[in-house]
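Going down the list, the sequences are from chains F and H.
The first sequence stops at residue 281 when you use this note's numbering, and every number in between is there.
The second sequence stops at residue 296 when you use this note's numbering, and every number in between is there.
Note that these hints are calculated values from the structure, not bench results.
Treat the hints loosely; a few may be bogus.
So the derived list for chain H, only partly shown, Cβ under 8 Å to chain F, looks like this [what the hints assert, rightly or not]:
1. 22
2. 50
3. 114
4. 123
5. 190
6. 229
The list that follows gives simulated cross-link-like pairs (lysine-lysine, BS3-like), each with its CA atoms no further than 25 Å apart [to be verified]:
7. 102/H x 187/H
8. 7/H x 185/F
9. 75/H x 179/F
10. 114/F x 9/H
11. 9/H x 110/F
12. 228/F x 187/H
13. 114/F x 187/H
In this text, a Cβ means the ideal position worked out from N, Cα and C, and glycines have one as well.
Read off the chains here:
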Amino acid sequence: MEKSRKLKRGWFGSSVSYIYLIILSVCAMFPLLWIVLSSIKSKGELSNSPTSFLPKQISFDYYRIVIEELDFGTNLLNSVIVAGSTTLLAIFISTIGAYGVVRFFPRFGKALTKVLITTYMFPPILLAIPYSIIIGNLGMFNNRFGLIIVYLSFSVPYAIWLLVGFFQTVPLEIEEAAKIDGANKIQVYSQVALPIVAPGVVAVAIYTFINAWNEFLFSLILMNSSSKMTVAVALKSLEGQEVLDWGVMMAASVLVVLPSIIFFMLIQKRIAGGLASGSVK
Amino acid sequence: MEQKSYKDKLISFSFILPAILVVGLLLFFPVATSLFFSFTSKHLIKPNYDFVGFANYVKILNDSTFWHAFFTNIKWTVVSLAGQILVGFTAALALERIRHFKGLFRTILIIPWAFPTIVIAMSWKWILNGVSGFLPNFLVDIGLVQEIPQFLSSANLVFMTVVFINIWFGSPLIMVNVLSALQTVPKDQYEAAEIDGASSWQSFIRITLPHIRIVIGLLIVLRTIWIFNSFDMIYLLTGGGPAGLTQIVPIYAYNLGWGLKQLAQSSAVTVLLLIFLLGVSTLYFRLLNKWEREGA
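Excised from the complex, chain H in its bound form (with noise of 0.2 Å):
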């Protein structure tokens, strides 16, 4: 009897196994790495490395270009969320407003989630082409400016080039996350609501925000996080430039472990964008928490 819950216990453990080894071996260790190498010398190539102890952490913090790509990485994921969830909260709410071809307008507007960053990428390069791209011919066209927009390379467009693309590409998943937690509202509170007299801004402040505000919350934890440590969009759209306009933390921290090859810098760069990133979900979840003990 003994020995049979001891088998039994080692079955259930080997089907969580597997995915604790995945996790460990493939997320912990090598952030436990990277955080050891922070405190080398390492090089991207030589096999030599010595202990430098904080002289990495003590670089980047008095490096100026650090600090323009930090304030540019918070400007980035701000513009970028306050944008997605505006489209994509009023597009469902749009969606849930209409009788006909919801479905058709639904399955149309999430195409962009759909997108392998490489091809959004391309796709966006051709369309905003300064010489043959369609956006930019068709503007001087229709007679709204005089000379060829550089959308990726002019310093007054780029930025919100780069943030219009990023919107365009995460709308739909709020739109989405939005839409289903929607479908958790209770129906009769609306009717009662209206019976009272509120008007269709008060049910959606007073009985809507309420009931999906933790569902939504989670969401911007998450979409905070994913859209700070983008690195391919911007990468693959401008790069970082031009002239550093665009370049994120991610994208200072490649430059510096594959463009100088500093691999110990660009290690103390992520670990720093780890820390602050560690810092401001502490918050979101504080915030959060206290939501669901006050009881949506």
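Chain F with its partners taken away, still in its complex shape (with noise of 0.2 Å):
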């Protein structure tokens, strides 16, 4: 009886879960779905029929004219420098930073933690004033590097905070028995605690890349000339031109999504638990 009455209650809440992670889940599937349908689309059809799904004929017309007629390849090959450049800093910094903070500082490491949460109270909008005299100065606008340099003020202080969590993990006693062999420092870190976490410097390397890629507002204010800008500015600028082709924004569009998501699902089951995990303790 009170078994019977235990799984009819499990059957019909797994039943609204479903229904429940169904609806979610087109929520969720639905812009990505649209804007790669949109791109692959023939130019009547998007103003003619808004609600038609499947295209009536796949053309690629968009993605040519994306590349061939706006270079977008360049502005693509601008994010791929800044992102991939910020990242192999920002992890050097951070990987020693985090491992220096863990083993030798450790008091201060908690100090540290507090420093980090009060710089990620820190408006963007705050830092890019400053930036954008200090840049402007520096006579470094529509510099890939200056660019580079503002993305390690958000990067490195997340990714100390990431890698700290996976430092963490690495048992003291390995490390001890490498410095009886006659390693020093330096080895013990770079041939033992290293590669322990290398998986999750991977991770947080690919999330660095990623938060990157997808930057905004600081690439708004220090890049402004077309070949040096980001995709994220380029996309925008392509809303500013006088007749704006709904067709011709989502291939653009696609192109920059697309390797942000291949990478995120790399990555996300290692990342999720380290977000709130890592900082608490």
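Fit chain to chain and form the complex, with the hints in mind.
Set out below in structure tokens:
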């Protein structure tokens, strides 16, 4: 009796859960689906039949326009250079930083968590003002290196925060065994600790890359020449054109969003836990 | 021996030095610069400026547009966050409940999180487009409305539209963190509660919530700050319009600094924004510390 009641409740609860999750999934997926479908429809179809789902005829015309006429490849390359360099620098600085905090300055580490949370509060728009003044004084507008430096400001603290959690899982005994074998600090770090947390470092690196790839505000303020723009700002500038062609916009959007989603899927499991748990204790 | 330990300390210190430089030079120095300029008459383009004391602050605090932006910002943050928590939490609980397709659902549901803001803005602008957009036309086709609704330009709809898009984007992050927090709740406690005849709702309130409240609390602090500071999404969706209805403080500051070129006043606004956030976070952290002392 008791058991059948429970079974019934479980059956009802999970049916509701399935229905709820299906509805949410449709909402979550729809924009991605829609920009992909819109980008391969023909010109007339977008305006003539706004609610028809599948394209009557698949056309890659919009992609051709985006790449050939708008030279979007240059912007993609800019974004790869900026996001890639930011990631390499940020990961170098934050892996040694996080390790140093965990192993050599544990007390300082506690204070550091507070400092990092404080920096998280700094409104990006607050930082945008001094950055624009300083970068202007250095004559580095439209300079990718300037943008990379600015990007370190939000990528390094976040990466340290996540990496501290990973380094804390490295058992001290392994490091001490290496020390007895005569390894110095730098060797212990690079040959013992770093390989252990390598999968975590890769995840944090990809996350850093995605965040730099997606960034908009600083890029808007510091890069205004179309040959130096990153993809986010280039997309925005498409909107300012006299006749906005949504098919072109959607094709460009697909090129911007796909790398982000693919990378994200690769690391989602690893990054998710670290976000909350790495910071609390 | 003495020398070696000195060298040893130096090596240890050099591990964290680059990080300290980044945080100091790229974060604290710029904030100090902003604070400095907020007491001057700095213009975006003109090189010369004077000290004006608190004049910028007085001017802003007497500007009704600022207060309107401030209250819009609070509304934007509270409604968005409440929606994100509701959807994120229920989605996580539903995922815990089901047996099949868990991984598939999870993967699909986090897609919005990976969207760059610019693509969020462009895709929704296209879906909601007042002429050829899918959703407005669809609503007319199924007979729900007579006229094509203008989601992003009608005064009645625009605020709820941007909040909806923010909930769409932010819920996955909450969901994923709630899911990983739920893994830390000891399973035997549920079994014990079930034997005592507790309902699922009771075990949720008595067992689940107390266990995860610190992780979730911290998450809420961080999301509050993040949403309050968010500039991109509204800037790209509406630019703060129509008629300032979606103008939150970061947009107001941007328009002052880059639109009107009053960089000094813009600095003062952002300093006020930071002070407000520091205050709110202090309150939040007091509460979190209290919870931690009580020992969840």
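Hint check:
At about 5 Å, the closest approach between the beta carbon of residue 22/H and any beta carbon in chain F falls short of 8 Å, and the interface hint on this residue holds. The beta carbon of residue 50/H comes no nearer than 16 Å to any beta carbon in chain F, farther than 8 Å, and the hint placing it at the interface is violated. Taking 8 Å as the C-beta contact cut-off toward chain F, the hint placing residue 114/H at the interface holds, the least distance being around 4 Å. The interface hint given for residue 123/H holds, since its Cβ lies 4 Å from the closest Cβ of chain F, which is under the 8 Å cut-off.
At about 13 Å, the closest approach between the beta carbon of residue 190/H and any beta carbon in chain F exceeds 8 Å, and the interface hint on this residue is violated. Nearest Cβ of chain F to the Cβ of residue 229/H: about 4 Å, under the 8 Å cut. The hint holds. For the suggested pair residue 102/H and residue 187/H, the alpha carbons sit about 19 Å apart, so the restraint of at most 25 Å is met. The hinted pair formed by residue 7/H and residue 185/F meets the criterion: a straight-line CA distance of about 11 Å does not exceed 25 Å.
Annotation: proposed proximity of residue 75/H to residue 179/F is violated, straight-line Cα distance about 56 Å (limit 25 Å). Distance check on the hinted pair: residue 114/F and residue 9/H sit about 24 Å apart at the alpha-carbon level, within 25 Å; holds. Proximity of residue 9/H to residue 110/F is assessed by CA-CA distance (about 19 Å); at most 25 Å being required, the pair is judged to hold. At roughly 54 Å between alpha-carbon atoms, residue 228/F and residue 187/H are farther apart than 25 Å, so this suggested pair is violated.
Distance check on the hinted pair: residue 114/F and residue 187/H sit about 32 Å apart at the alpha-carbon level, beyond 25 Å; violated.
Violation of the numbered hints given earlier is confined to hints 2, 5, 9, 12 and 13; the remaining hints are satisfied by the structure.
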